[in-house]
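S.K.: Those sequence lines, one after another, are chains A and U.
Numbered according to UniProt numbering, the first sequence spans residues 1 to 574.
Numbered according to UniProt numbering, the second sequence spans residues 1 to 574.
Derived by calculation from the structure, the hints in this document are not laboratory data.
Keep in mind it's a predicted model, so treat the numbers as computed, not measured.
Check the hints yourself; a few may be wrong.
[To be verified] Here are the simulated DSS-like pairs of lysine-lysine, each with C-alpha atoms no more than 30 Å apart in a straight line:
no., chain 1, residue 1, chain 2, residue 2
1, A, Lys236, U, Lys236
2, A, Lys398, A, Lys350
3, A, Lys569, U, Lys569
4, A, Lys236, U, Lys569
2 protein chains.
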Amino acid sequence: MGEKKQNRTKHSHSGLVVFVVRVDAVERNSVNANDHGHMNVMHAVCSGRYARPIFNSVLLLVVVLGPRTAEAVWPLPQALASSAERYPLNPSAFCFSYGARSAAQHGCSVLDAAFRRYFALIFPDATSVNDVHSFHGDKAFAVEITVDQDECESYPKADSSEKYNMSVSAGQASLNAETVWGALRGLETFSQLVYQDDFGSYFVNKTKIEDFPRFQFRGILVDSSRHYLPVKAILKSLDAMAYNKFNVFHWHIVDDPSFPYRSSTFPDLSAKGAFHPMTHIYTQSDVRRVISYARLRGIRVLPEFDSPGHTKSWGRGQPGLLTPCYKGGIPTGTFGPVNPASLSTYKFMKSFFKEVSSVFPDSYVHVGGDEVDHSCWRSNPDVRAFMQKMGFGADFTKLEAFYMENIVNITSSLNKTAIVWQDVFDDHKHCSSLSVVEVWRDGCYLCEVRRVVKAGLQVILASPWYLDQPGPTHNWARYYTVWPLAFKGTEEQKRLVIGGEVCMWGEYVDATNLAPRLWPRASAAAERLWSDEKQTSSVDRAFPRLADFRCKLLRRGIQAEPLYVGHCKHEYQV
Amino acid sequence: MGEKKQNRTKHSHSGLVVFVVRVDAVERNSVNANDHGHMNVMHAVCSGRYARPIFNSVLLLVVVLGPRTAEAVWPLPQALASSAERYPLNPSAFCFSYGARSAAQHGCSVLDAAFRRYFALIFPDATSVNDVHSFHGDKAFAVEITVDQDECESYPKADSSEKYNMSVSAGQASLNAETVWGALRGLETFSQLVYQDDFGSYFVNKTKIEDFPRFQFRGILVDSSRHYLPVKAILKSLDAMAYNKFNVFHWHIVDDPSFPYRSSTFPDLSAKGAFHPMTHIYTQSDVRRVISYARLRGIRVLPEFDSPGHTKSWGRGQPGLLTPCYKGGIPTGTFGPVNPASLSTYKFMKSFFKEVSSVFPDSYVHVGGDEVDHSCWRSNPDVRAFMQKMGFGADFTKLEAFYMENIVNITSSLNKTAIVWQDVFDDHKHCSSLSVVEVWRDGCYLCEVRRVVKAGLQVILASPWYLDQPGPTHNWARYYTVWPLAFKGTEEQKRLVIGGEVCMWGEYVDATNLAPRLWPRASAAAERLWSDEKQTSSVDRAFPRLADFRCKLLRRGIQAEPLYVGHCKHEYQV
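Here chain A stands alone, though its shape is the one from the complex (with noise of 0.2 Å):
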């Protein structure tokens, strides 16, 4: 079924309020959800708040006493259906359980900790999750969760299925997913359709949702080194990731400021390259806890460690690392990139790179090589020395290729897919071991990403979601209407954008402006990742969804910053 325009109109019956949505075929950019495979069911959203008073035919007939209903989900399900039959909650008598052929039963860490967690999202004003799970008795409205496969204790993956299917009926919902992860988005989802009306009761609608994200990959760049962020702030984060169904945490842990890692192997890179060695790093045990933490929200921890460029921080911990600069045949006492014309380079990589591989359990690690400066490493005689060697002659990508094909190489021997900044595939395209590209230059991005799956290599397109910077004006539309797959190329091409990132890079940001910062624009990037681009075109329609998951956030404690003028139920308590 194509695109629905909705039409609303409002009629006031003696405290009742009903609303007429009316379903019409839109003329212009008529699209049939067919197109990506996934069920004919009708996309219907019923609410009030911003209703029009327009209208052609009749097609559905929705009665609620409530603000809203289905409509409030961001991201936009796939495939959704909603009536106006509505179910009261009782948070004493609710209760999540494991469907009978699950294959995660009572005692699956990743649903058990959901389970706890979303009961205290859906009943906010429930003083205590005491009765989870305790309550057996006729009444209960249980949300029964089925998964196909027992990955309680894994690690979500980059090709780990997050399909879920809900329905929500008469005392019960059911929530099937192949995976844990895709248990975990149906929660979410499932929370998001739970609302109170005036008097506080809660209620939710009888609902039906097949859904799956558009794109695989869904990140977030946090950047910790030009400012640290204390642990609880990454923490928060990943909640509101959670919230927004991202899926990657890419912690770029590193750069020129400050090395806070605490490294095992090499204790001085932090000691020596943090903003303070004790106060401003984070510890094994801090790195465990997000890693744990992400993984309860089906998130993935992808760890950059950028290299040969932006690690002038990894220099005071490791004297010989960085290449020495020269002036006149004259060593300056400053430093440049990563040396690549020293053997002990390699030596020291393999070593730390061993300790990231076993440390972070993802199997991809981001390895930069963005923005690497030529100059120190051209006035340097034993890098000179070295390209006559290797017969590079005086072109510097080719010792700058050379150098990042050993990084990937020894991620590869240690059994780690790396992604690299799109410099990389700029400067030697003809690199045979890259394999995921991360485009983030300004301009034409789509240009940039056609050329990189031309190439036959994955893409995670960054450049339209650079949230770090606020923009001339509030323009969250401007990070909605991004459209990755706008480009000429085949199916099999477009397969190859695995998704994007909102980078949110620390010049100017910290745990004081993080999260305003970040929501509710990630969101808007959240939903072009998650939905049906053809369900999701319009800004006008997104946005009084998103004004309203913005109170959501809110209300769950995330800092949103308001889209515009307006009020939510709960404002945020300062």
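Once you've looked at the hints, dock chain U against the given chain A.
M.R.: Then chain U, alone, in the frame of chain A:
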């Protein structure tokens, strides 16, 4: 003595850090601080964090263990001399006391509360404030406060002196001021002079300060209509204002979107005009709390009830107040500005402002008058008939002037001085009842300032400090390099510029982002409004001081965003 250029070199002597401070006359921009008639002391600034290894002549040798001394006072005092001599401070042997000849003594509500507050700010690691006042042993460091006037139970006024002088020497500090408000400013300065060394010990250096504000009116406008701000968010802003020596809280309390002020005379205004009649209002008790909290910090509360435009929300609770708009001779059902043609309007306003005048103790009230759209007035036959009768012809600015003159007369009769937005002046320059004009429009705002002072009226400058929009970059310097008196005019005319104001409009701002959007950018305005312009003309020299001050704000729980890459000893805790 003129402005000084400080060049520092850093030497390390077995753990002792020695800073050699060289103070050289600057050729260009050389100024004479005596221009402003204050004492001829050297503004000596000592810190090693941003040292540059350049020097010419040694004037002063400073040996310090800790990283900061008097440099970190923001906004910069008018005259400050400090030396390397430093005194340890023991939280359990520290007290504030009243000088024998002080007009205020124990029991002075403003100062007693300030002592308690500043003790906690000075000693953030001290776990208890029980020791304050209780210690009277020989070794106690005493801060003795002497004020000339006993205004302990009154409110700060437009012409209240904020002048103070302070001398910190061995075992004691003396702080003298004409008023308790000046004493508050001195306490803030003293709190910023105290620092901790790496072992956590507290110190203060020998210091002499003579200080007073450059401008009397240093305000922040906060908009609680476009988004409701919980009272806590307002109180937190007042805290931060006090740290920055702002002294006017301009409360733009109502506007088109909502009317949160709960009027006792016209309760329907908020019952029908607030976003929510119970949760999104300011009760009389809330307002009293804000006024009292502000008073204790030497901050005036300037309420704004803007009319005749920006009043949509008023119309809901006060039928007949707004102008019915017409189209083709028929009322459209929509409403325009306040109806200036109806007698009942003035009756209502008289009654309303009577309440406002009794609720808000300040002798000023902001009556708005900006952005009046004439089209609805023009469409209304009653308004047109009134124009005819009054002989205004088709000149609606005359009608607007008539309306504003009536409002100003109402407030005058209530012994309040009205402040208006520049529009009122622009449209009828010869309105004899005007006295204070707030300049807000962009463009050549100094041209407007000049016009206003030429007409003999006072000016509050807001144009350069619209902080509600985030800039294209985080360009705090833009708010620092503002020269409010850089227009051709007599000394007398320049004295009519009574100050300036930061405007934080609420379209995109609520409690989620108010603090990081205000701070530390508003701090740039704070220094411009308080400090000597000639001593604070350099952005480069302000940067490290502002970065330091921002860390202080963080330590005090103010969510001030970072200026650039770096860290604070105590980061903001989420």
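S.K.: Indicate, hint by hint, whether the structure satisfies it.
M.R.: The hints, checked one at a time:
1. Only pairs whose Cα atoms come within 30 Å are accepted, and Lys236 (chain A) paired with Lys236 (chain U) is accepted, the gap being roughly 22 Å.
2. Note on Lys398 (chain A) and Lys350 (chain A): the hinted pairing holds, with a Cα-Cα distance of about 21 Å set against a maximum of 30 Å.
3. Between the alpha carbons of Lys569 (chain A) and Lys569 (chain U) the distance comes to roughly 37 Å, so the proposed pair goes past 30 Å and is violated.
4. A threshold of 30 Å between alpha carbons decides the hint, and for Lys236 (chain A) with Lys569 (chain U) the separation of about 21 Å falls inside it, so the pair holds.
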